[in-house]
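A.B. asks: These are the residues of each chain, in order.
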Amino acid sequence: MLSRGSVRLRVCVRASVRVSGSADPLTLTPHTHTPRRPSSTLPLPPPRNPYTPRTAQREEDVIERKRNKSQLTPWHYNKQHYKPPQPLTEDEEAMECLKKQRSLFGQYGSRSGINPSKAWPSKEELALEREWERVAHPHTVQHMIDISRKERQEEQMIIKQRQDDISRKLLSLEKWKNDLNTRVAKQEKLAREAKEKKERLIDEVRDILGFRVDPRDERFKEALELKEKEEKKRSKAAKKLAKEQRMLDQLRKEVEGKEEEKEGDKDDGEKEGDEGKSLHGKVIV
Amino acid sequence: MASRGTEKALSLLSRLPRIELQNLKPNPGAKKNRTRGRGIHGGKTHGAGSKGSGQRQNFMRLGYETGNNPFYLRFPCQNYYKGHHLKVSYVPLCMGQLQKLIDTNRLRTDLPIDVTQLINTGLFNIKPLEKEGGFMLQDDGMDHFRATVNLEVQWASEATIAAVERNGGVVTTAYYDPMALEAAVNPIPFFKRGKAIPRRMLPPQHLIDYYTDPKNRGYLADPKLVANERLKLAQKYGYPLADSAILKPTDAKLKEYYLA
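Residue numbers (full-length UniProt numbering), protein chains in the order written: chain S, 1 to 285; chain D, 1 to 260.
Hints were generated in silico from the structure; no laboratory data involved.
Honestly, I wouldn't trust all of these hints.
Unchecked claim - Straight-line Cα separation of at most 30 angstroms, DSBU-like style, residue types lysine-lysine; simulated pairs:
| # | chain 1 | residue 1 | chain 2 | residue 2 |
| --- | --- | --- | --- | --- |
| 1 | S | 118 | D | 100 |
| 2 | D | 8 | S | 100 |
| 3 | S | 79 | D | 25 |
| 4 | D | 8 | S | 123 |
| 5 | D | 100 | D | 232 |
| 6 | S | 118 | D | 127 |
| 7 | S | 100 | D | 131 |
| 8 | S | 118 | D | 192 |
| 9 | S | 99 | D | 232 |
| 10 | S | 221 | S | 186 |
| 11 | S | 99 | D | 195 |
| 12 | D | 131 | S | 150 |
| 13 | S | 198 | S | 186 |
| 14 | D | 8 | S | 99 |
| 15 | D | 100 | S | 79 |
| 16 | S | 100 | D | 25 |
| 17 | S | 118 | D | 8 |
| 18 | D | 192 | S | 79 |
| 19 | S | 160 | D | 215 |
Said to hold, decoys possible - Some chain D residues flagged as far from chain S (calculated, every beta-carbon gap over 12 angstroms):
| # | residue |
| --- | --- |
| 20 | 45 |
| 21 | 51 |
| 22 | 84 |
| 23 | 105 |
| 24 | 199 |
A quick note: this is a predicted structure, and the numbers were derived from the prediction, not measured.
Glycine residues also receive a C-beta, built at the ideal position from the N, C-alpha and C atoms.
This is chain D alone, in the form it adopts within the complex (with noise of 0.2 angstroms):
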């Protein structure tokens, strides 16, 4: 019995091609890639210039002024600013704006309008790698709202969602972890990797308390809460809430009717 490297080289040389020039290789070392010559063209002076501190090396230090307030030392630390590397920013997207998109048909209301449908319209765009959450419903324009949609959005204000719902409409907030936002942005090219759609992440803890809040019409609150803040929300602005309940008839003859 030949050994296990022998069987397998065979068993290769039986699969594999017959040997041409365009299967071959050569072997390690074999081939040598011509290096060009140095200095032919680049030569004398070395793109270094003629004296000076950039021919002999001695360069001023990065941002370096020749003597006045650099610029990277004129502005000193705001305490505003501090941490803004690392905090979520969202797109605002105004009612009002919403609103002409629907009118002018670029935006449908019978499908949901989520992140993809919005950024579809090619009127927005959102970059998860630059720390930006998704988009943020503003209050411009709520007064003339008047559509019927099916939302889902980052961040919603209270008044906000009431514009939404006095017409009608449902709104959610939801959390997208960059990977899952980065998917929703741009699905065509996620979908050509090939990749099975990963588990969407959870929100950060300091970002829990507003997605399981219904006050929020978080995502991952309790749905029946949700019901409560939004009678109590119709109350508070005074407007009348459409409910749409499911009506079954009770004759058991409709009923056999209906299920057949």
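Bound conformation, chain S alone (with noise of 0.2 angstroms):
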């Protein structure tokens, strides 16, 4: 059954099938197989040697591509297989960072192709090691272990210093709470003193006016002076008799004075010190 489109005829050519002229293909010829070259007139070309290292290296390409059914990408297979990548070349192992090829190294190892020496710091980077190490652990461990010894006895030295301290201050401190005591005590007697003294002029000027008085009022001031002017009075009394008695006791030793000196020498009989003593035995109001 023939389908609705045009029908085509396939037309199949054969190798051994000559097409002559017109591509008629009711006009093809069969023909005969001829070989290129006649094996009479010219040397065969020479047996090839399936064994050369080249043969070998592409027979195991060969190989080699046929088992690899992985279908990974080249890098893939690489990095699965851990197959360093190829060696750096000059151009890129100037280029390439320290730190790549750094890591290539500690990736792969020798097979990397890196030279090892990059593996210890470049000059700059030595030169900022040393710094850093200046900086943040500048001391030896002797000097640490100085210092630290340093500050353990600084801190003992402190301590004792505190302690001495606190003795010496304890050898006086009776001497302090005695003198603290009797400080108080003095205080304690004078206000006690100002007072009872307070107290007194108040009951004083209470018997003088017949009433108590406030200390700041008027009248008490009043009451306390006229207190002083008699005071004053009977001070100066008292000065006055105290002054004769004074001269009496003056006059009596002379008097004794002149008896002993009679006794001694009888034969003066002046009796001018009589006089004097005319007050002798006396009583004197």
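Quick one: dock chain against chain with the hints and give me the complex.
C.D. replies: Structure, rendered in structure tokens:
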């Protein structure tokens, strides 16, 4: 059953059939096989040796291609099988940063083809590291031990000083206590005396006036003044009395002295001294 | 004689590979990145919602909880935590745990047990970036500790040291600065960086006393003083010290024999 489309005839031309002139399938003529080179005229090429290194490599490649059916990209395949990348060229080595080269070396070791000396710090890096160490860890072990010992000694010293200070002060503690007590007692006494005096004055004024007056009152002051006057008078009289007494005593002494002289010297009959002694034995009011 | 520049160019030319498409780079400015059309799918409100403080860009301050006492203000400053972010902390290693690890063959006693070996058991993790200084030997289970080990930790108390030495072991306290600790905790990534092993720094001033003290078996202490302290500790805790003395023959023939 033919389709609705145009009918096409497929023409298959076999290798052994030669096509002459027009490509009309009805005019195809069969052609007999003739070798390109007649074996009798030209020498045969030398037989191919299948065992040269190049052929071996080629074979290996073919086998490898057939063997690797992982369908991984070359990069992924290499990564999976820990294959190192191609060694860096001179330019790559110059341009690639040290960090990357070191990581390649760290990952693949000597297979990476990187010079192992790159693991150590470069001149700039070394200078930076040394500077860092100089700032972060400036002291040696011995120095640090010294510092810590000195710190401990200082702490001990401070404690010791405080203790000595306390001991020294303890020696004079009793004296200070006594001083304080006496000072306090004195001040208390003064205060007490002042208070008592005040009370006494108030009482005296009360005696004078007949009633208690507030010290701040004017009447109090007036009363006090009166009292002072009376006191002055009394003291004056007392002084006078005292003076006269002293004079009497003096005369008495003189008289006694003269009597003694008299006993020693009986010829002297002057009794002038008796005039001075007229007061002797008499009571003066 | 051509100029240095020309010479360099010529030498480059001779060395560099043939120009191919994959070697070429477009001139700067030749390729312009296509900018995405703005506002196509993030248009209209541009992710700011509708009305409200959000759209009007008048946001509440960070931490504000619409009036109630916010979390960051609830708790008063505690002097206990002052400077905690600057202090170094140590991961505890109980002696009972250590004994169990050895009994279950997770740790070998014929090799020295240090930070790396302990991390390799897979049961511990040290984070130097979070100011962790290493391992601290704790006295939990030291009464039934029976293993003979060569142990290196970062902090050890007197009782733990005695527990280790009683069984004929050796304990040392060593300081690892953060970089060294990072390398010790995770050596493989460290070595993969391909850098030579750097110097291990000394402990800081406030720790130098600890690591130079023979009582703590510090790695900077005088070994003779350490031996002295070993003896004292044995006497204090009442166990005999198994001294490993090196005996040598005095006979001439024997000496000759062993020298050969």
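A.B. asks: Hint by hint, note whether the structure agrees.
C.D. replies: Checked hints:
1. S:118 to D:100: violated, 44 angstroms
2. D:8 to S:100: Since the Cα atoms of residue 8 of chain D and residue 100 of chain S sit roughly 26 angstroms apart, the hinted pair holds (cutoff 30 angstroms).
3. S:79 to D:25: This hinted pair holds, its Cα atoms lying about 27 angstroms apart.
4. D:8 to S:123: Roughly 26 angstroms separates the two Cα atoms, so the pair holds.
5. D:100 to D:232: holds, 29 angstroms
6. S:118 to D:127: holds, 29 angstroms
7. S:100 to D:131: Holds, at about 29 angstroms.
8. S:118 to D:192: The given pair, whose Cα atoms are some 13 angstroms apart, holds under the 30 angstroms limit.
9. S:99 to D:232: violated, 52 angstroms
10. S:221 to S:186: holds, 29 angstroms
11. S:99 to D:195: holds, 9 angstroms
12. D:131 to S:150: holds, 28 angstroms
13. S:198 to S:186: Within the cut-off at roughly 18 angstroms; holds.
14. D:8 to S:99: holds, 27 angstroms
15. D:100 to S:79: With a Cα-Cα distance of about 40 angstroms, the restraint between residue 100 of chain D and residue 79 of chain S is violated, given a limit of 30 angstroms.
16. S:100 to D:25: Roughly 23 angstroms between the alpha carbons, so the hint for residue 100 of chain S and residue 25 of chain D holds.
17. S:118 to D:8: Cα-Cα ~26 angstroms, so holds.
18. D:192 to S:79: holds, 15 angstroms
19. S:160 to D:215: Holds, at about 26 angstroms.
20. 45: About 44 angstroms separates residue 45 of chain D from the closest Cβ of chain S, which puts it past 12 angstroms; holds.
21. 51: holds, 52 angstroms
22. 84: holds, 22 angstroms
23. 105: holds, 31 angstroms
24. 199: violated, 8 angstroms
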